[in-house]
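Taking the hints as your guide, dock the two standalone chains into a single complex.
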Amino acid sequence: MRFVSLASRNFKELYREPVSIILGLLMPVGLLVLFVLIGKNVPLDIFTPNMLTPAITIFSFAFLIMFSAVLLSKDRQSAFLLRLLTTPLKPIDFILAYFVPYIPFALLQILICFTVGMILGATYSVLNVVLSLVVIFPMALVCVGMGMILGSLLSEGQIAGIGSMLITSIGIFGGIWMNLKMVGGVFEGIGYALPFAHAIDAARNVLSGTGLRNVVTNLYWVYGYAVILFVFGVLSFRYKTTSN
Amino acid sequence: MNKVFDKEKGDCEYNAIQTINLSKRYGDFVAVDSINLEIKKGELFSILGPNGAGKTTTIKILSCLLLPTEGTAKIMGYDIKENPQLIKEIIDVSPQETAVAGHLNAWENLKLMGGIYGLGKEEIEKRACELLDLLDLPGREKEQVKKYSGGMKRRLSIAMAMMSDPQILFLDEPTLGLDPQARKTMWEKIEGLKGEKTIVLTTHYLEEADALADRIAILKEGKIIAIDTPDELKNNIKPMKSIVIKTKNISDDIVKGIKEMYSDVVFKANKIEIKAIKLNVDKIVDYLRLNEVKIEGISMKEPSLDDVFFELTGERVNK
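Heads up: the protein sequence lines correspond to chains A and B, in order.
For the first sequence, position 70 matches number 70 in my numbering, and the numbering has no gaps at all.
For the second sequence, position 56 matches number 56 in my numbering, and the numbering has no gaps at all.
One or more hints might be untrue.
Stretches of chain B that chain A covers, calculated by requiring three or more beta carbons in the stretch to come under 8 Å of a beta carbon on chain A [stated by the list, open to error]:
id, segment
1, 93-106
2, 114-120
3, 263-273
Since the hints were made in silico from the structure, they are not lab data.
Every residue gets a Cβ at the ideal spot worked out from N, C-alpha and C, and that includes glycine.
Just chain B, same shape as in the assembly (with noise of 0.2 Å):
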């Protein structure tokens, strides 16, 4: 296939975002550290990162909240600091936190930014209609948002986001503080997305990126440190093995004393998870059992990107 490259757009037939050195500084403080991106039109590319990784930032700047220090970035071809106003026209972003008006109904929230993006009458209505229904409100569409859980409000501040048909939606963090049920629902309206937009996710559940995107990139200290496929990116790493114990009277001494042996150990819920290049079962097991704990049961685990994760930047996303 013969790609058009025009150097004042840049490469805007396949992509629908290139940063260029892209740099946010606060005093000394880098937020965002030289980021090179290409995302693809229709990719769900996921950013991922612990806590002040620069995700936020990124996508502010992204959007056109924030201006970057140094270099830029071409949403659709326009440069996001010579054409802000044209890039919010084909943008809309879902906010980390949930951004919906209170004394509406969900149906007057939707209408709201349909009449914000100049949309018409019948168009407004047309896409509400659509909306509502992916929205899965049975019979609550016109009771005040207040009154809704966090999940309903979390669906219908990502519809909002939705309501202009955007060419490219920003989610940053969609499924922050949602139970797992409610989480996995949101899994599922964002999946029935792909392919059909391009998606910028941000988020710091690892599980979410690797049920979600095409790409990731994980971001520390405001710098890419790898960016690939899930599969890619857990290919790639030393082979990790990873051994959970589920025992029954284990102490926070011998939880010690394992961890005197191996850096990475997890303890939860009367479960031990070791990870480690070279694991020597055995030697676990004798350890467990000199101190006598009641071993249940003892598993193997696949690589996962929070092994990805750690194996890069030597810390856990999920502190």
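Chain A with its partners taken away, still in its complex shape (with noise of 0.2 Å):
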């Protein structure tokens, strides 16, 4: 149970950090209320409270993509992970104590999106939102797993770039706020080439009462993704803490 110490830490520095509060609880806030006000004035079904609240819960966790990348990287550069490594810590010690701070951070932006959008108007059932969770909470390992891979082979400066353009193309490809079946052609295809697009796909009909069933598809593309990134942030991880 060491790593607990280091999860600790890992937990102070996200939640110490005004930028993680900022970007990762408020912005998407924000976005909600922005979007439901254009939605008064556009009448799409696309910015109606009931679907604009999964798309931005989901949407707010590609900032855990930024803030993992970036403590990971900032340890690395800073000598912190080398003095770490000296440490009787065992490999899947820094993987916990690296993954496990973003879980009560995600779960606060679907609490924190959900409340807001429920206050905006938004109506669910309590079991359609405990079910949108198994499609929602898996994205959140996703993101964690793209912030390992980033933080593990690039530095600060360079997170910051790739971080923001992977952000942008998650808002873009995400199908957030805009339907892409009816763009079409090749936005469509990346879209749902992503994971994102079908875990705010599933997480709509999930909560509008089409239950689990109906979405199985979208489940794999989610969960594959999820163990796919996972794994790979944890090879990259490894891979970097043992080629030196």
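Written as structure tokens, this is what we have:
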């Protein structure tokens, strides 16, 4: 259980960084309010609180890519990780310590987005909200996995650039504020080759009451990506910490 | 005194560290070249050398961060290749760069290390309190470390390495980048640990090794070229004379002229220092006067570790 000390440190690093709170918790709320207000003048189904809430919740996880990547990269570059590697911590301790702190953060993001969404007019049954977590939560794993890959391989400066590009791409190809099927073509192709659009579609469907059975294909994409990216994240971390 | 020698564990009754033909290669580049060392328990041993000499690589191998290409080392009798996990329980390292968690305070940083080493809650509190006293951070122990000065962060970084009460402490360039006052304070802290623990200190500050170390190994291009106590190293070199002339109006051309006479000339802040086995002071003074240089003072210096290094390698550590 030695990883708990390091996980606790990583948790504090995350919560004591004002940028994490602003981008990870406040910005999604701002976006939700903004698009609901836009939706009042543009009567499109996609801009209703019911559709926006799960989409923006999943979009908010995109910031976890940046947070986890920056923390890992900073530790790597500042010799803090080097110090940790001389301690009796085992590889599994490192993986858990750099992953676990994002679980409560992701849960907080879900809680805040759903609370604000409901205040803005979203109506869901408790059962459907619980079921939607099966779709929504693995996306946090996808994002932390991506963060671990970037944090293991790139410098802080490179992460700032690539991370911003990724977040923008997730916004565009996730189908959060536009219907990818309506746009069609390459956009739709790229969007559905990635897990975000699948997760958003599945969450919207589950929250509307279709149940999990109708989103099985989406779930394959989401869980497939979650496992692959998490495994790659772990491998990148191990490669970087043993390659010197 | 009877020594017990165990072939498997090495001479671990007296030696905290023993290296056997320890080598590390990166392709054709030899970072560490067949190093054989025996560091006694409780000794403060310094590894000295210019940048790229192989000091940090040696520390990384001894702290199980790198595997040697050839040879091996035993830490308290444990082989670095066979028992890295056991070794990590009994050593701690303060890396070259300051390695602290910026968003935590000093107290939390120390507790973090205690937790990682699996210490109990009471022991963590006790050791953290002791180390905080040593850190000398009046009223700032609850402040986030990112707001500390470079010296404070360095002291904390070293204190973090002491949190587990390691049997062997590796200090990699502990005073690198510190101002002279902070460096002196750090020396006092390290001096206070002497005898309590085995300390391996790498530095390229010669005066640091001279002031602190029981023994010094001088490394050049991955090889140990000398190993002894600081005094013996100084006694063993040829009697090198050193003269320091304080001037007022010396130009670069005149310094160039002196460099043509002697190869080891350092000019800094109106002071010219000349080192040579045979020094003709009259000739130097005549040359300066002939060029209308105003001489404010002349003094002779005793051989230093810098001279030892120059004698052994033909180059200065701090170029």
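Evaluated hints:
no.	hint	verdict
1	93-106	holds (count 12)
2	114-120	holds (count 5)
3	263-273	violated (count 0)
Comparing the model with each numbered hint stated earlier shows that hint 3 is the single one that does not hold.
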